[in-house]
Amino acid sequence: MGVKNFAAYKVTEHAKERILTRFNITNKEFDSWISRLLSQSTFVERQEGFREKYRLNDIVLIIETRQKQVITVYSQNEHDDISFKAATNPEIKSVINEALDLMIKQKKVRTAGKIYDNIQAMMDYCERMKSPHVNHRFADVAWEQLLKEFNEIRKTLDGSMQVISEAKQKIAEG
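Here the sequence shown is numbered in this note's numbering, starting from 1 and rising by one per residue.
To be clear, the hints were calculated from the coordinates, so they are not data collected in a lab. Don't be surprised by glycine CBs; every beta carbon is placed ideally from N, CA and C. Please note that the accuracy of each hint is not assured.
Pairs of lysine to any residue, SDA-like flavour, derived with a Cα cap of 25 Å [what the hints assert, rightly or not]:
#1 Lys108 <-> Ser35
#2 Lys68 <-> Lys114
#3 Lys108 <-> Ile171
#4 Lys53 <-> Arg36
#5 Lys68 <-> Ala15
#6 Lys108 <-> Arg36
#7 Lys68 <-> Thr111
#8 Lys53 <-> Glu91
#9 Lys155 <-> Ile92
#10 Lys114 <-> Glu152
#11 Lys155 <-> Met103
#12 Lys16 <-> Met103
#13 Lys10 <-> Leu20
#14 Lys107 <-> Ser165
#15 Lys170 <-> Lys16
#16 Lys168 <-> Glu64
Estimated spans, in silico, between C-beta atoms of each pair [what the hints assert, rightly or not]:
#17 Glu166 <-> Ser35: 53 to 59 Å
#18 His133 <-> Leu102: 45 to 51 Å
#19 Glu144 <-> Leu20: 47 to 53 Å
All chains should be built: construct the whole structure from the sequences, respecting the hints.
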C-alpha cells in the first residue's frame with residue numbers, strides 16, 4: 001500500500017499549484033498532506049512513460065517513477081476508474097439497456113412535441129409577415145419572434161440529441 005519509497009518523491013511545481021488550488025491546502029499543511037497521500041494511496045495502473053496512477057478515496061495521483069516526481073493530483077469520483085468497477089450482471093445489463101431504449105423513444109416523442117409547438121408559433125409569425133395587409137412597423141418584432149422560435153427548436157434538438165447519443169453509447173458499452 002502506498003508509493004514505494006515515497007519520501008524520495010519530489011512534487012513538480014505544476015502538481016503543487018494544482019494541489020494548493022484544487023484541495024484548498026495551505027503551504028503549511030502541504031508537506032504532511034502530500035506525505036499522507038503518497039504513503040496511503042493504492043496503486044491503480046501503470047501508464048506510458050514510467051508513469052503510475054494511484055488513488056486515495058477520490059484523490060487521484062500521477063507519479064513518474066524514473067525521476068521520482070509527483071506529476072499531478074486531482075479529484076475524481078472513486079467509482080469512475082474502470083479498474084475499480086465490478087462486472088455488471090448480464091440480467092441487470094439487459095434491464096438497463098431496455099430502460100435506456102425506452103427513455104430514448106420517450107425523449108424523441110417529447111422532443112417532437114416541443115418542436116411541433118415551436119413550428120406552430122413560427123408558422124403564425126410567418127403568416128403575419130406574409131399577409132398582404134402586414135403592418136411593416138411590426139415586421140421586425142415578428143421576425144425576431146420567428147428567429148426566437150427557430151433557436152428554441154435548435155436548442156431542443158441539440159439537447160435531445162446529446163441525451164440520445166449518450167444513452168446509445170451506454171447501450172453499446174453494455
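Quick rundown of the hints versus the structure:
1. Lys108 <-> Ser35: Violated, at about 52 Å.
2. Lys68 <-> Lys114: Between Lys68 and Lys114 the Cα gap is close to 57 Å, so the pair fails against 25 Å, i.e. violated.
3. Lys108 <-> Ile171: Holds - the C-alpha atoms of Ile171 and Lys108 are around 17 Å apart, at most 25 Å.
4. Lys53 <-> Arg36: Since the Cα atoms of Lys53 and Arg36 sit roughly 16 Å apart, the hinted pair holds (cutoff 25 Å).
5. Lys68 <-> Ala15: Distance of about 13 Å is within 25 Å: holds.
6. Lys108 <-> Arg36: violated (50 Å)
7. Lys68 <-> Thr111: violated (54 Å)
8. Lys53 <-> Glu91: Roughly 32 Å separates the two Cα atoms, so the pair is violated.
9. Lys155 <-> Ile92: violated (33 Å)
10. Lys114 <-> Glu152: holds (9 Å)
11. Lys155 <-> Met103: At roughly 19 Å apart (the allowed maximum being 25 Å), Met103 and Lys155 satisfy the hint.
12. Lys16 <-> Met103: Outside the cut-off at roughly 44 Å; violated.
13. Lys10 <-> Leu20: OK: Lys10 and Leu20 at ~15 Å, within 25 Å.
14. Lys107 <-> Ser165: holds (11 Å)
15. Lys170 <-> Lys16: Given that 25 Å is the threshold and the Cα spacing comes to 36 Å, the pair is violated.
16. Lys168 <-> Glu64: Outside the cut-off at roughly 37 Å; violated.
17. Glu166 <-> Ser35: 53 to 59 Å: violated (40 Å)
18. His133 <-> Leu102: 45 to 51 Å: Given range 45 to 51 Å: holds, Cβ gap about 49 Å.
19. Glu144 <-> Leu20: 47 to 53 Å: holds (48 Å)
When each numbered hint is compared with the structure, violations occur for hints 1, 2, 6, 7, 8, 9, 12, 15, 16 and 17.
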